[in-house]
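Asks: Given next are the chains, with one letter for each unit.
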Amino acid sequence: MNLLWMTVVTALRALRRNVLRSALTMLGVIIGVAAVLTMVSIGRGANAAVQREIQSLGNNLVMIIPGATTANGVHSGSGSAASLTVADATAITKECPAVTDVAWAKRQVVQVVYGNQNWATAAQGVAPSYLSVRDWRVGAGRFFDQQEDAGAKPVAVLGQTVVDQLFAAGEDPIGAIIRLKNVPFEVIGVLARKGQTAWGQDQDDVVLIPFLTAERRVLGTQILGTVDMVVVTAATADALPKVERQIRTLLRERHRIPPGQDDDFTVRDLNEIAEASKNASEVMMNLLLSVASVSLLVGGIGIMNIMLVSVTERTREIGVRLAVGARTEHILLQFLVEATALSLVGGAAGLVVGIGATRLIAHLAAWPTLLSAPAAAGAFLVAGAVGIFFGFYPARRAARLDPIAALRYE
Amino acid sequence: MAPGMRPLIQLRDVWKVYHLGDVEVRALRGVSLDIRAGEFVAIVGASGSGKSTCMNLIGCLDQPTRGTYRLGDADVSTLSVNERAAIRSHRIGFVFQNFNLLGRSTALENVALPMIYANVPFAEQRRRARELLAAVGLRGRDQHMPSQLSGGQQQRVAIARALANGPSLLLADEPTGNLDTQSSTEIMDLFLRLRRERRLTIVVVTHEPHVADYTERIVTFRDGRIVSDEPQAPSRHATEAVRA
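Residue numbers (our numbering), protein chains in the order written: chain A, 15 to 424; chain B, 759 to 1002.
Among the hints, a few may not be true.
[What the hints assert, rightly or not] Cβ-Cβ distance ranges computed for the label pairs, FRET-style:
| # | chain 1 | residue 1 | chain 2 | residue 2 | range |
| --- | --- | --- | --- | --- | --- |
| 1 | A | D416 | B | D981 | 19 to 25 Å |
| 2 | A | N319 | B | R862 | 20 to 26 Å |
| 3 | A | N319 | B | E974 | 51 to 57 Å |
Treat the hints as calculated values from the structure; they're not laboratory data. Positions of the beta carbon are idealized from the N, C-alpha and C atoms, including for glycine.
Model the full structure from these sequences, guided by the hints.
Replies: In structure tokens form, the structure reads like this:
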């Protein structure tokens, strides 16, 4: 204990003797630890943001959209066929036990006009259940009910982005009359802000109106009862595959699709999409993390290099220590402690720099970041391990010096 | 020191052979030497005569290629590296021509160095180091750095360091080689006094006649062999120093 303490004191003194050299040697470790910490913070921040987005989509959503049409050899893309109907949606409610809630929607981009302001946005005719299925809330006013939908009433609920575009700051949109395709609508509510999806779409840039109102007064339709999408919820994430299976079976039956032929609709599990984007951000983080680790490795090599120089410089000192009774392990320990002190002090400085860099990035680039104590501790310990690993070879070299040759060394 | 008593140092037909590339260097060629406890011996000879090699063997810094070396009851020729380190730590003190002090450590820390490796408690290290510095006439210089001390004072620090763990054997390799005559005399007087006070056995390697004059026995090396081993009466100056 006494000896170890003396060794630590000696090591720190040796490092202080050459402040500039020690600082430059530590630089690799400082950059490595700082980079690891910053990368982990950014990665965790991104992951947390994705998690929030998954939440914002609504819980355990499955989306069904019509399939592609083919007319005269021209494929029109997903959703172009008028193959999905309100009847399909209500059938899902009845026939699929794993489904907890169903909503449907019809959408079109229209020009919304209020006073002398106008804004192009997605007008969506939705079933009254749409709000609960999407796990959305009304921020002000109210949502339309079953009766207003059945009566095709001209009422509208606006997304925050639309409110921001049409109304002056501080102006209350509730009760205002807006026009969609020249049809006047009364604004009865404003949706709570939901933010962007993981793929960058603004979910608040929307006007919600009753489905029947949309079908009959605004968007028009060729075949009554067709919808652009059906959204259903499952009770749990585990039930999602079952829900998908049941819906597929039911819809194939209803659409009379013979076995072996493709679906005329697409069923999508939104959690899967969110998971994919989360995985992508994790891959990115791991990539950056490995680059940061390389810098830690390079820092270790720098330590080894300077320790070898130090051993050579202090050959005579080693000789003296051996002559007065130091054992090989005393010398080994001394240089090992010195290398480890270099890497640990560098590691601590790296933590400070890393926290600073993370704050700076969060501030300047407005990226979500999340500092992590385990990552900080991990990076620090790895730095220490790097010091021990790369310090071992020079230390062993010092310990194996021949005392006579070392004493004669000029 | 009674006749018949087993010698402290016993070299028997010791050879030391080095290989420098293809060249074989026979530094010692069959050296046998007994030194009894309490003796004050000078080893003299030209450079390359093997006297320093012999000194390194006696100091357990090296192992003989052939032959045996007994130090007290230990057969050094069979000891491991760390066992020899333990002997150097507790039983032998070294004094070098160029002092070999640690330049960035104070006089006190230099003296305490051997005690660190002998696991002496910290407070005891400080106490003993202070005492030893006083014993070599450097009271009050505890916190001086070697660069702040004269050559003679630095050699005194080195001697205090050599005595740190209370060894019975003091080995000095050209201890006055870097000193002026005045300092040389003081250092040799110090050896005499310490020998008397601490019952030390002292072996000095030197090529300076006036240093050898202080000793009671002169062993002369030439070409790796002992060519003469003569007792002598210490010089008048030395005798006076002993009486003083």
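Asks: All hints, please: hold or fail.
Replies: Evaluated hints:
For the pair D416 (chain A) and D981 (chain B), the supplied restraint of 19 to 25 Å holds, since their beta-carbon distance comes to about 24 Å. Against the hinted window of 20 to 26 Å, the Cβ-Cβ separation of N319 (chain A) and R862 (chain B) comes to about 22 Å, which satisfies the hint. In this structure the hint that N319 (chain A) and E974 (chain B) lie 51 to 57 Å apart at CB holds, the actual value being about 53 Å.
Comparing the model with each earlier hint shows no violations; every hint is respected.
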